[in-house]
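Chains as they are written, first to last, in numbering that gives the first Met the number 0: chain H, 0 to 531; chain B, 0 to 143.
Hint data in this document are derived by calculation from the structure and do not stem from the laboratory.
Each hint should be verified, as a subset may be incorrect.
[Said to hold, decoys possible] Stretch-level coverage of chain B by chain H, calculated; a stretch enters the list once three of its residues show a Cβ under 8 Å from a Cβ in chain H:
(1) 13 to 24
(2) 58 to 67
[What the hints assert, rightly or not] The calculated DSSO-like cross-link candidates involving lysine-lysine, where the alpha carbons are at most 27 Å apart (straight line), are:
(3) K49(B) x K32(B)
(4) K164(H) x K244(H)
(5) K474(H) x K122(H)
(6) K41(B) x K387(H)
(7) K389(H) x K49(B)
(8) K116(H) x K41(B)
(9) K122(H) x K32(B)
None of these values were measured; they are calculated from a predicted model.
C-beta atoms are modelled at their ideal positions from N, C-alpha and C, and glycine is treated no differently.
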Amino acid sequence: MNSFSSRFRKKSTWIAILFWGFLLSVSMYRLAEAPIGFFADEAGIGLAAWDFLHGDWSLIYSFGFYRHLNEYYLGLLGPLSTMPFVFLFGLTDWAVRAASVTYGLITLFIWSKIMDKMGLRGKYGALFLIWSIPLFFHPMRTQFGLTVSLMYLSFALWILICSNKLSRVGAFGVGFLGVASGYGNNGFIVSGTVCVACMALGGYFTRFFQFKRQMIVLVCYFLIGCMFALFPFALALGREPLFLKRIIEKNASSGQALFSKEKILFDVGQYPRYFDLGYLLNRGEVDSQGSGNFRHTISGFGQFSYLQGGVIAFGLGCLAFVRRYRRFRYVLVATVALFLTYPLADIISQNGIRPPYTYSIYILVLPSALCIMYGVDALVYLAESKEKIKKYIIRLLIGAGLVYGLVYFGSYFHTYLTPTVNTAGFYGWQWGPREIVLYLTEHENEYDELYIQGVFNAGTVFIPFYDPHNICKDKCKLGGFEMYNTNKKQLFVLQSSSLKEYMAAIPWLREVNRLLNPADKEKTSYYFMTPR
Amino acid sequence: MPVARVIKKEPNKRRVVAKRSELEKLEVDIVKKAEEQVFEMKKEIKNDVKHDEKVSFILLIVSCVGMGIFVLSGLFMNPDQTKITKPLLNVSWPGSAKKACSINDGNYTACVDGQKQGSGCVWYANCNKCVNQDLPDITSVCNK
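Isolated chain H (complex conformation):
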């Protein structure tokens, strides 16, 4: 009791509470409204979590996977990790996204422990820089199973770094957790496995995993861990040809067969695009040529800020050349290997037109975070230089960096909270279903059938998601004019872009309500129409 109360008297405890409280509150701020709308994949994950909570496990397709949106196979980690939040807060878009934010912050906490273990200073500065990386921050506020995957990988890294002498269980854990990260977001089936291979490569050149007599047992345990985690994947791949459906679909527009020599050569040719600084620091995905996706980045911002890019380059240089970091050679090897291999998860479905798919290159956050940790530590080290001039220059630079970092994040977050044109559309965040279904459930007793025009990406998932208790009594469906029946009292929810066509076909439609999207009145507002 005494130690507990004395701990709260410590200045460092209060700083920690303030810091983590700040990250938590900003990460959760207006979570259901920004990004505007809610995407079908998020709803699919939330709905699966709801079904599992109510004892309906029929969605599980094979050990480790479930049928996502009735069409694809996705790892179980997404819905399983969302279950506690849906249980506590109900099936809402906030609860589903809060799960992702929580795992993102746990990942940051693991990284803070890694910094402590490695004796690196400037922890809060480094963590703030990492947290404010757009590539980390934006996917964290949406639920695509990415943060839980990253958390698994970070935990594997933590075991590797924090164990002075790796035990057999530790070696098994590194292999298992690293590869099992693939059951969160599908991209991590490739990213996670490659990342674990990079970690093992780093270990091979330094202290772990050498194929020496005394190490061979550890290597075996590590490989068994990997195989254990890969087994459900291999089982699903062998049993169900549809398993690769999404990759085949995405690859289709490249014009090459997925597993062919031409495809490999094509992918090699695409590789430099992933190291384009213009894409990484300025444009991001949304503003790049060939992008049809308005969800993944915020227009006007890159995947990293200039400051983050600079600190990453500086940290990598320090890790390679500073003598103090010689004992972290395995981190250097793993980091460089990760930087070189990060495109692999996305490049297999690259068509040569679209820019790198942000949610598939999420693994890039991990080596970047490691570099930032070393970069910030080196800056703190320099700031304590005995040479006065040098010391003041560095302190001035750090101060300027701090101001820039805060201003950058403030500007980014302000833009983030402002819904802009196109972010709500079909390839955006699909604003509308929540408000529409709410209206329909309130007015279901006034109609025989209530139809929502099928203008949403995987739109069927939204009705059960926003009406899990079936208040609508199966009267709310997706459908349009083809469902028109003069014998029934019907309500049609039509998107503004197709209203004219409907009015031309059925001039006797009467408007009963209107739902205006403040960001995009022209294209994604909705009209509630009923035949007179």
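Since the structure of chain H is already known, use the hints to place chain B on it.
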């Protein structure tokens, strides 16, 4: 103590004294070596600190200059590098659906409004407007 016993112990005493002096010599040697080692280590650490400081400082300057050149070149010399291009931000939906589908999703038989997903069709709701020609309003959208 009887005199005979004292005399008998004398050679041992001499040996002890000799050993002690040997030990003292060794001790002095060890201390000297340790001091030398500590001095060497201190020197090495000092060198490392100097080296690390120098290298970190150079790396910091290189990173700052590199980033500065990138930003400036983007702003003044090579506007394409940093210019925000929004080629598809202004496309109208769903008139552009066909193009967007062919870029992102390939060509598929898609669900018509109200058709259950997974029953032989995929769920790109706006792509179906291009693919399916059965319904009059769908054709009109495709002809846009």
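Each hint, compared with the structure:
1. 13 to 24: violated (count 0)
2. 58 to 67: Contact hint for the stretch 58 to 67 of chain B vs chain H: holds, 7 residues under 8 Å.
3. K49(B) x K32(B): Distance of about 25 Å is within 27 Å: holds.
4. K164(H) x K244(H): Violated, because 43 Å separates the two Cα atoms, which is more than 27 Å.
5. K474(H) x K122(H): Violated - the C-alpha atoms of K122(H) and K474(H) are around 55 Å apart, more than 27 Å.
6. K41(B) x K387(H): Given that 27 Å is the threshold and the Cα spacing comes to 22 Å, the pair holds.
7. K389(H) x K49(B): holds, 13 Å
8. K116(H) x K41(B): Roughly 25 Å separates the two Cα atoms, so the pair holds.
9. K122(H) x K32(B): violated, 40 Å
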